[in-house]
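Peer 1: Chains as they are written, first to last, in full-length UniProt numbering: chain A, 1 to 227; chain B, 1 to 227; chain C, 1 to 227; chain D, 1 to 227; chain E, 1 to 227; chain F, 1 to 227.
Since the hints were made in silico from the structure, they are not lab data.
All figures in this text were calculated on a predicted structure; none of them were measured in a lab.
You can trust all of the hints, since none of them are fake.
Note that identical chains are pooled: a pair holds if it fits in a single copy or bridges any two copies.
Straight-line alpha carbon distances no greater than 25 Å define the calculated BS3-like cross-link-like pairs of lysine-lysine that follow:
| hint | residue 1 | residue 2 |
| --- | --- | --- |
| 1 | K33 | K105 |
| 2 | K120 | K33 |
| 3 | K31 | K120 |
There are 6 protein chains.
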Amino acid sequence: MEIIGGVARFQGDVFPQQRDLFQALARDGQKPKTLMISCADSRVVPELITQSGPGELFVCRNAGNIVPPFAMKNGGVSSAVEYAVVALGVSEIIICGHSDCGAMKAFFNPEALETMPNVKAWLSHAEPAHEVVRTCYGHLDHDEQVQAMVLENVAIQLVHLQNHPAVAAGLAAGKLSLHGWFFDIESGTIKALDSNGEFRDTNNPDDLPVAVPARKPRSVSRIVKAA
Amino acid sequence: MEIIGGVARFQGDVFPQQRDLFQALARDGQKPKTLMISCADSRVVPELITQSGPGELFVCRNAGNIVPPFAMKNGGVSSAVEYAVVALGVSEIIICGHSDCGAMKAFFNPEALETMPNVKAWLSHAEPAHEVVRTCYGHLDHDEQVQAMVLENVAIQLVHLQNHPAVAAGLAAGKLSLHGWFFDIESGTIKALDSNGEFRDTNNPDDLPVAVPARKPRSVSRIVKAA
Amino acid sequence: MEIIGGVARFQGDVFPQQRDLFQALARDGQKPKTLMISCADSRVVPELITQSGPGELFVCRNAGNIVPPFAMKNGGVSSAVEYAVVALGVSEIIICGHSDCGAMKAFFNPEALETMPNVKAWLSHAEPAHEVVRTCYGHLDHDEQVQAMVLENVAIQLVHLQNHPAVAAGLAAGKLSLHGWFFDIESGTIKALDSNGEFRDTNNPDDLPVAVPARKPRSVSRIVKAA
Amino acid sequence: MEIIGGVARFQGDVFPQQRDLFQALARDGQKPKTLMISCADSRVVPELITQSGPGELFVCRNAGNIVPPFAMKNGGVSSAVEYAVVALGVSEIIICGHSDCGAMKAFFNPEALETMPNVKAWLSHAEPAHEVVRTCYGHLDHDEQVQAMVLENVAIQLVHLQNHPAVAAGLAAGKLSLHGWFFDIESGTIKALDSNGEFRDTNNPDDLPVAVPARKPRSVSRIVKAA
Amino acid sequence: MEIIGGVARFQGDVFPQQRDLFQALARDGQKPKTLMISCADSRVVPELITQSGPGELFVCRNAGNIVPPFAMKNGGVSSAVEYAVVALGVSEIIICGHSDCGAMKAFFNPEALETMPNVKAWLSHAEPAHEVVRTCYGHLDHDEQVQAMVLENVAIQLVHLQNHPAVAAGLAAGKLSLHGWFFDIESGTIKALDSNGEFRDTNNPDDLPVAVPARKPRSVSRIVKAA
Amino acid sequence: MEIIGGVARFQGDVFPQQRDLFQALARDGQKPKTLMISCADSRVVPELITQSGPGELFVCRNAGNIVPPFAMKNGGVSSAVEYAVVALGVSEIIICGHSDCGAMKAFFNPEALETMPNVKAWLSHAEPAHEVVRTCYGHLDHDEQVQAMVLENVAIQLVHLQNHPAVAAGLAAGKLSLHGWFFDIESGTIKALDSNGEFRDTNNPDDLPVAVPARKPRSVSRIVKAA
Ligand SMILES: [Zn+2]
Ligand SMILES: [Zn+2]
Ligand SMILES: [Zn+2]
Ligand SMILES: [Zn+2]
Ligand SMILES: [Zn+2]
Ligand SMILES: [Zn+2]
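Modelling step: build the complete structure from the supplied sequences, incorporating the hints.
Peer 2: Right, here's the structure in full:
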C-alpha cells in the first residue's frame, strides 16, 4: 500500500508545520464559506485549483459532479448541499466540471456502462444535458460534443440545485450565489458560467461571471391582490 | 468571492510548475490505484493527509463518509465505487472517518436535524452504528460516545462496501482490499482498522492494519457434492 | 348520481351540434399545441378560462398544479409532459396556479394533513416554495402569505419542468416556451410570470409575459477549446 | 400564443355572465360531489361530457386515466383521491377511459415508448390490463384488442382505487361508490361498468350500472369468535 | 444451539423414511399446485395445518401475511407470487391470517413500533384494513377489533393480489382462484372468505367458500363497438 | 381444491392430539428462539428439517432466501428480521439455502426471467454472489457453478443481515449469532458456513460451524483518545 508512505510524510513533515491551524480547527470547528461539488476524478483536486487550506472548502465529490434534484430523498449530494447551507451557512456553491471527464464521455460510449449499472443509473441525472447535446449539437465533431456535454451538464446541475429548499430560500434572501465552473486539465484554466449562459474567463476580478446571483428579496408589490 | 484569488494564484504560480504533469494526465488519462471515501468536512483534505498529487487519488466525499448499500440504485457513492473498481481497477478502497465529525455528532443532537430532512434521511445509513453505540457504549461519556460513533460508522460502511458486486468479486479474486481509517484533526494521526476489529496505529510499515484483506480464490473443495 | 343527468344532456343536446368536430377528432387524432398543468380544483376549468374546444388543450390536473422533478421515475405529471412534448410536439406548457388553493393553504395548516399522508408527501414537491415564503415573506399577513405561496409554487414548478430532458431540449432548440399563470377566481383575471420574476397582466397581446422563452440554439463559439 | 385570445374572450365575454357564481365559489370554497379521473387527451373534456359548471367536478387528469396503487407514496393521483375523499367528502369517483387512447395504443407499439421512458414507466401501472389482453383476447383483431385494453385498464384502475385507505373505508361505510366509464369520441356515447364486469349503456336513469357500489357496514356477526 | 438436535433427528430418523420422496423431488423438481402466503408466526405452520408433505406447498411467509401491490418493484412477496403463477403454474393462492397476530395487534399499540421502523413501514400495506376498522368497527371491544383487523387485512391483501399481472391474467383465463383464510390457534379451526365477503366454515367439502373464483374468459360481446 | 382434505385431516386427526400445546400457545403467545429465513421452495420445509413443533421457529420464506439490505425501507424480510430480534428476542438467525434452487438457477438462464420482471428485480439482491461466481468459478462445470451460486448467495445474505441495526447491536452485545446453512434435497444433509468461509458438516455437536458468532462487547480501550 504505497499511499501509506504519503501518510508518514504528512505526519512527519507537513502536519508539524500546520499544527496550530489544525488545533484551532479542532477547537473552533469548521467555518467554510464555500461548497464545491466536483468530480471524483483524481486529476481535479478542489483545494489545489483554488489554493484552499484546511477549513476553507466544504467538498462534495462524485462521478460527474452531479446534483440529483431535491425530491430524491436520502441522497448524499442533497445532504451535503443542505448541510452546507443550513448548518454551515456557506455563501457560495460551485459546481465544477472538467475536461476529459470519464462520466460525461460514457454518454458517447453506452456499451461501457453495461458492466456498471449503478453508474448508468446515476448518470440519468445528466440525461437532460445529453438530450440537449443530441438535439442541438449534432453538427459538432466528437470532441466538441463531449465538451458540450460537460458544459450542459454543469448547467443542468445548477437547475437541480435551485429546487433544494435551502438553496431556493438562500437565493431569494440574497445570501447565496451559485457558480458553474469548467476546469481544463491541460491548460489549467477555469471558465465560469455567466447569467447569459456563456462560459467566460475568470481572470478579470472586476467582472467575475456568476451563473445564478443572489437576488434581492422580492417586494410585496409582486403579490397580486384580488380586485 | 474570495476564492477566486486562489484560482488566480493557482493559474499564475502553481500550474506552470506542474504543467508537464497535468498535460501528461490530460493526454494519458487517470490511473489512480486508490479510492478514498471521506467526509465533506473542510478540515479533512484527502490529498493533503496522504500527500497525493493530481492523478493519484480517486475521491468521493459526502457528509459522514457514508456508503449506502448497493441495493440503493442510482446512488452517487455506489457509482463512484463501481467506477473505481470496474473502470479504473483500483486495488484499495479507504473509508476515512475523522474526529469532531458534524454528521456523526448529529446523532446525539437529533433536534438539529429537524431543519435538515435530507441529512436526516442520509444519516439513516449510519443507523446500525448508532444502534451499536446505544446498546454497547452507554457507560461512556459524551465525547467517547461520539468517537465510538465515528469508529462504528467506519465499520458499518465497510459492511456496506462488501455488498457491491464489483467489490465482492474483487475481494474474492484477491485483487482488492478494504481499509477503514480514522483521522484525528487535532493530532494529525491516522489509525486503521485491523481484521480483529481494533483501530491501530499506522506508523509501522511492516505491520499495516487491513480491515478486509484481499482473499485467495476459494478452492473447489468448498463446493458440496450431493452424496 | 346527479351527474348522469348532465351526461344525458350532453348526449341529447350538445354532442349532436359538435358531431362533425368529434368525428374529425376521432378520425384524425388530437393535435393540441398547448399543455396546461392546473389544479384539480373544481373551480378552475382550463377549457373554460381559455375558451378552448375539444382537441385544443392537453390537460394534466392534480392537487396543487405540481410538477415533480424528472428524476422521480414513474410519475404521472412527468409522463404527461413527456408525452405532450415528444409525441404531440406542443409548443407551450402552462402551469396554472389559482387563488384560494386548498393545497397551498395546507402549508399553513399542517395538522389538516395528518389524515392525508399522501397529500402531505405530494406537497413536498412544493417545499422549496414554502421555504422561500418562510424566509422572505414573514412580514406579510396570512392572506398575502398564502398568495405568495401560490406564486412561488408556480415558479418552482417551472424550475422542475426545466430538468425534464424533452423540455430542456425543446427550450434549447427554440421550439418550446414555458408559462406560469395565476388565475384569480373572484375576479376572473389571469396574470402571467415574466422573465424578471414578476406576475403581470395578460391583457396586452403585444406584450405577453413569458416565464421561460424559447432560446436560440447556442452558437458553437460557446464551446471552450483547450489552449 | 393563440390561446391568449381565448383568455381575453373569457375575461371579456364569459366571466361577466358568471361573476356571481365565481364570487360565491371564491367566498364559500368548493363543494364538489364527484371526483373524475380521466385522460389528459384534449378530446376528452370532463366538464363538457358531464355538462358540469365551475365548482361541480374535482378533476384529476393524466395520460391513460391511471391510478397507481396506494403504496406508491408521493403520487399525484393518490393525493387527488385522498384529498377528494378526506377533505372534500365526495360521494362518487369516476374513472373515465376513452376510445383511440394514445396511452393504451402504446402497448401495441412499444418501440414508440423508447423515446418516452417516463411514459413507459408510468404505463407499467396498466400492465395487469395488458397481461389480461395478451392472455384472453389474442383472437381479436387489432382495433378490438385496443378497445379491450381501454376497458380492462378502467377495470384494473378500479382495483387500485380500492387499496386507498380512504376509499376502502368510504366503501365499507356506505358513503362512496366507484364508477368505470368508457367515452367513445366518435359517437359521444358513454358506457359504464356494472358489478358483473360488463360495460353497459348509461341512458336508463333507473338502471345505472355501478362498478363498485357503496356497501352496507358489515354486521358484527362476520367476526369469528374462537370456540 | 438447541435446534441442531432436531437436525440430527431429521437426518437420523425422518429422512431415511422419506428418502424416495426426496430423491424423486430432487430428480423431477417441484410441482406444487398451491401457493400459501402466511404469517411468520411460529404457531402457524402451513404444512401442518394443511397436512402437506414436501413438494406440495409453495410457501411465502412474512410478518402479517402481507402482499404489497405489484407496483412495488423489487418485492419478495410479489416475486413469490410471480414465480408461483408464471414458473410453477399454481392454480390456487391462499392468504392465511390467524388469531393473536402480533403484526395486526401492533396497529392498536403504535408506540411499540417506534423501535421497529421497518415493521412500521411494512405494515403500511395493511393501512387500508386499519382505516376500515377505525371507520366501521369503533363500537366493538378491543379483542373484536383485533379480529376485525385480521379479517379485513386478509381481504385487502386479496385486493393487492389482483393487481399482479400474472394473477389478473390467471383469473381472467379461468386458471387461478384466490382464497382468504383465517386460522384460529386456540381451536384449530380454519374459516374461509366467500365471494360475499363473509368468513365461513370450511368443513363442508361440497360448499367451500372461495374469495375470488376463476372467471370464465369474457366473451367478445363485452367489447363496445363505436356506432 | 385438494388441499382442503388436508385441512379436514388436521382438524379431525392432528389438532386434537396437540390441543393442549395450541391452547398454551394461544394463551401465552409465541417465544421462538430462532428465526429461519429459507426459500419458498415446496421441498424445503423448515419445521421438518429441524423437527420443530408449533411455537419453535419464526419463519420468513421467499424465493431464494434473500435478505435485502436494511436501507430498503418497507421490506418484508427486513421487517421479519426486526420483529424477530426486537420484539421476540431470538438468539439465532439461520439463512438456509438449498440444492436445485430455481431462483439461483435463474442466474444461468436469464431469458426465463423476461416474463417474470419482479423476480428479476428481486434477484438483484443476489447479484454480488453472481458476480463472485462469474469472476472466480468460471472453470467449474454448470452444476458446480449453480451450487457455488447457492453457497455464495447464503454468504452475501449474511452480509446484508449485518447492516440491520438490531442485528448489528445484537452481535456487538453478544446476544445473537448468525448461521448460513445449505440443505441438500437429495441426501437430506445440512452443511453450515464457518467463520473461515467454509461449509462444513453439522453432525458433530461439539464443533458446530457458526458463520458470525456473537461477539464480546468491545472494551473501551478500542476508543482512540486524541493525543
Ligand atoms: Zn469527471
Ligand atoms: Zn465529517
Ligand atoms: Zn388548487
Ligand atoms: Zn387517452
Ligand atoms: Zn401473525
Ligand atoms: Zn429455492
